[in-house]
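So the protein sequences, as listed, match chains A and B.
When the letters of the first sequence are read in order and numbered with this note's numbering, they come out as residues 87 to 290.
When the letters of the second sequence are read in order and numbered with this note's numbering, they come out as residues 1278 to 1502.
These are calculated hints, taken from the structure and not from any lab test.
In this text, a Cβ means the ideal position worked out from N, Cα and C, and glycines have one as well.
Check before you lean on any hint, since a few could be wrong.
[What the hints assert, rightly or not] Here are the in silico distance ranges between beta carbons for each label pair:
#1 B:1460 x A:289: 50 to 56 Å
#2 A:101 x B:1407: 19 to 25 Å
#3 B:1373 x A:288: 54 to 60 Å
#4 B:1446 x A:101: 45 to 51 Å
#5 A:158 x B:1296: 42 to 48 Å
#6 B:1336 x A:101: 17 to 23 Å
#7 B:1439 x A:155: 38 to 44 Å
[Stated by the list, open to error] No farther apart than 27 Å at their CA atoms in a straight line, the calculated lysine-lysine pairs in the DSS-like style are these:
#8 B:1395 x B:1385
#9 B:1322 x A:118
#10 B:1336 x B:1385
#11 A:214 x A:228
#12 A:214 x B:1322
#13 B:1382 x A:117
#14 A:136 x B:1385
#15 A:157 x B:1395
#16 A:136 x A:228
#17 B:1336 x B:1425
#18 B:1425 x B:1499
#19 B:1322 x B:1385
#20 A:136 x A:109
#21 B:1395 x A:148
#22 A:118 x B:1425
#23 A:214 x B:1395
#24 A:109 x B:1322
#25 B:1395 x B:1382
#26 A:118 x B:1382
#27 B:1395 x A:136
#28 A:148 x A:136
#29 B:1322 x B:1391
#30 A:117 x B:1391
#31 B:1425 x B:1385
#32 B:1391 x A:118
#33 A:109 x B:1385
#34 B:1322 x B:1425
#35 B:1322 x A:117
#36 B:1322 x B:1336
#37 B:1499 x A:109
#38 A:136 x B:1382
#39 A:214 x B:1336
#40 A:109 x A:214
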Amino acid sequence: MPHDHSHDDPHALLPSDPALRVKALETLLTKKGLIDPAALDEIIDTYENKIGPRNGARVVAKTWIDPEFRKALLEDATSVVADLGYYGRQGEHMVAVENTDAVHNMVVCTLCSCYPWPLLGIPPGWYKSDAYRARAVREPRKVLADFGVTLPEDTAVRVWDSTAEMRYLVIPQRPAGTEDMDEEALMNLVSRDSMIGTALAGTP
Amino acid sequence: MTRVHDMGGRFGDGAVVPEPEHEVFHEDWHKRTLAVVLACGALGKWNLDTSRHARERLKPTDYARFFYYEKWMGGLATLLVETGVVTRDELAGNAEPAPSDLAEKAWKPTEIAKVLSKGGPVDRPSNVAPMFAPGDTVIARPHAENMKVSGGHTRLPAYAAGARGTILRLHGSHILPDAHAHGLGEAPEPLYAVVFPASELWAHPEHPRDEVVLDMWQSYLKPTS
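All chains, full assembly: derive it from the sequences and hints.
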């Protein structure tokens, strides 16, 4: 029962233009009472405006300021970020991994697009691209070069392929010269890409 | 043999193109597709693993040419028809849409914040005892295939099949996608992070100390002794 189709695939029954295709699906499902367009608007608003990488940036900034928080996060990220209100779909099982002088961490999902939504929002296009999925595990340093990042020669790269429901957050290294900065200021140095591992934290 | 989605390590895809952080969606239909697919999940006719498998079953030519959210639509159309939620005639616009008895499950605008923040954890109690501990050497099974269902869903990528690695941590027991995608129950078993030297996976690793970590279920692994 491999479920392959010997006949026309169902999607082929829909319009070929993708914008019209989703419109046709939405119209059909709405007429059948299976979806509510106003609920769709709420879903979009949530991921466009409410849940995004500033959540993760707050977590990272806290690890830079508070050693106890950092220790707790590295031991049990799921409960620590849930206490901050960051829990939900695609973030049920969290692991935080810290960059050091010896190891740089980078996250990918080679099989689809698994990503920690409650902390980083919807994954960027490049994260879902064939190029990133194909290359991150075999040539992470060349991928980093696409982002303008060059690591020291003695830093190893550890790539995390998200093959299960564990979701990974990279804790970038705290930049020098930030000792006097507070949480809000530090958050501005933490880009989305630095929490995926394709960038380093910004400098003040 | 594996399927088209299993592309880790493939050559020839070209550059990765960074994007600014504020670009969450590029087109209106992208966000609409995301929302339609998430909302249909509420109908309870399939699970995360069945829906991943539906995308992976797209024809390789479709999978390769489809934009990301078109794969989502393709998988959704398959699931809607296979579960009888819509008919092929309805999908093709050849029949007047019939009201569905699943309508009461449809998400209401007021409950979106609650349902999205609720999540769906997949850790479960299991009667399968952990065979491995951190530090143990293991070998991934030689075939990146579902061992119960020919052509079925698995989360073992081809590039790691047969490779020798080391247990890094035990995540607990999680639902086994290879069973759950095919109506074979949740079959929870121990899930591990397994670390592989890049030199074990690739003929030309970039750096002698680079590593790749994969999450692997116990049935994906064998002891080395």
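Against the structure, the hints:
no.: 1; hint: B:1460 x A:289: 50 to 56 Å; in the structure: 53 Å, holds
no.: 2; hint: A:101 x B:1407: 19 to 25 Å; in the structure: 50 Å, violated
no.: 3; hint: B:1373 x A:288: 54 to 60 Å; in the structure: 56 Å, holds
no.: 4; hint: B:1446 x A:101: 45 to 51 Å; in the structure: 47 Å, holds
no.: 5; hint: A:158 x B:1296: 42 to 48 Å; in the structure: 32 Å, violated
no.: 6; hint: B:1336 x A:101: 17 to 23 Å; in the structure: 18 Å, holds
no.: 7; hint: B:1439 x A:155: 38 to 44 Å; in the structure: 41 Å, holds
no.: 8; hint: B:1395 x B:1385; in the structure: 15 Å, holds
no.: 9; hint: B:1322 x A:118; in the structure: 15 Å, holds
no.: 10; hint: B:1336 x B:1385; in the structure: 34 Å, violated
no.: 11; hint: A:214 x A:228; in the structure: 17 Å, holds
no.: 12; hint: A:214 x B:1322; in the structure: 26 Å, holds
no.: 13; hint: B:1382 x A:117; in the structure: 14 Å, holds
no.: 14; hint: A:136 x B:1385; in the structure: 18 Å, holds
no.: 15; hint: A:157 x B:1395; in the structure: 26 Å, holds
no.: 16; hint: A:136 x A:228; in the structure: 33 Å, violated
no.: 17; hint: B:1336 x B:1425; in the structure: 22 Å, holds
no.: 18; hint: B:1425 x B:1499; in the structure: 17 Å, holds
no.: 19; hint: B:1322 x B:1385; in the structure: 18 Å, holds
no.: 20; hint: A:136 x A:109; in the structure: 25 Å, holds
no.: 21; hint: B:1395 x A:148; in the structure: 24 Å, holds
no.: 22; hint: A:118 x B:1425; in the structure: 36 Å, violated
no.: 23; hint: A:214 x B:1395; in the structure: 24 Å, holds
no.: 24; hint: A:109 x B:1322; in the structure: 22 Å, holds
no.: 25; hint: B:1395 x B:1382; in the structure: 16 Å, holds
no.: 26; hint: A:118 x B:1382; in the structure: 12 Å, holds
no.: 27; hint: B:1395 x A:136; in the structure: 15 Å, holds
no.: 28; hint: A:148 x A:136; in the structure: 20 Å, holds
no.: 29; hint: B:1322 x B:1391; in the structure: 20 Å, holds
no.: 30; hint: A:117 x B:1391; in the structure: 25 Å, holds
no.: 31; hint: B:1425 x B:1385; in the structure: 39 Å, violated
no.: 32; hint: B:1391 x A:118; in the structure: 24 Å, holds
no.: 33; hint: A:109 x B:1385; in the structure: 19 Å, holds
no.: 34; hint: B:1322 x B:1425; in the structure: 22 Å, holds
no.: 35; hint: B:1322 x A:117; in the structure: 18 Å, holds
no.: 36; hint: B:1322 x B:1336; in the structure: 23 Å, holds
no.: 37; hint: B:1499 x A:109; in the structure: 48 Å, violated
no.: 38; hint: A:136 x B:1382; in the structure: 25 Å, holds
no.: 39; hint: A:214 x B:1336; in the structure: 19 Å, holds
no.: 40; hint: A:109 x A:214; in the structure: 23 Å, holds
Violation of the numbered hints given earlier is confined to hints 2, 5, 10, 16, 22, 31, 37; the remaining hints are satisfied by the structure.
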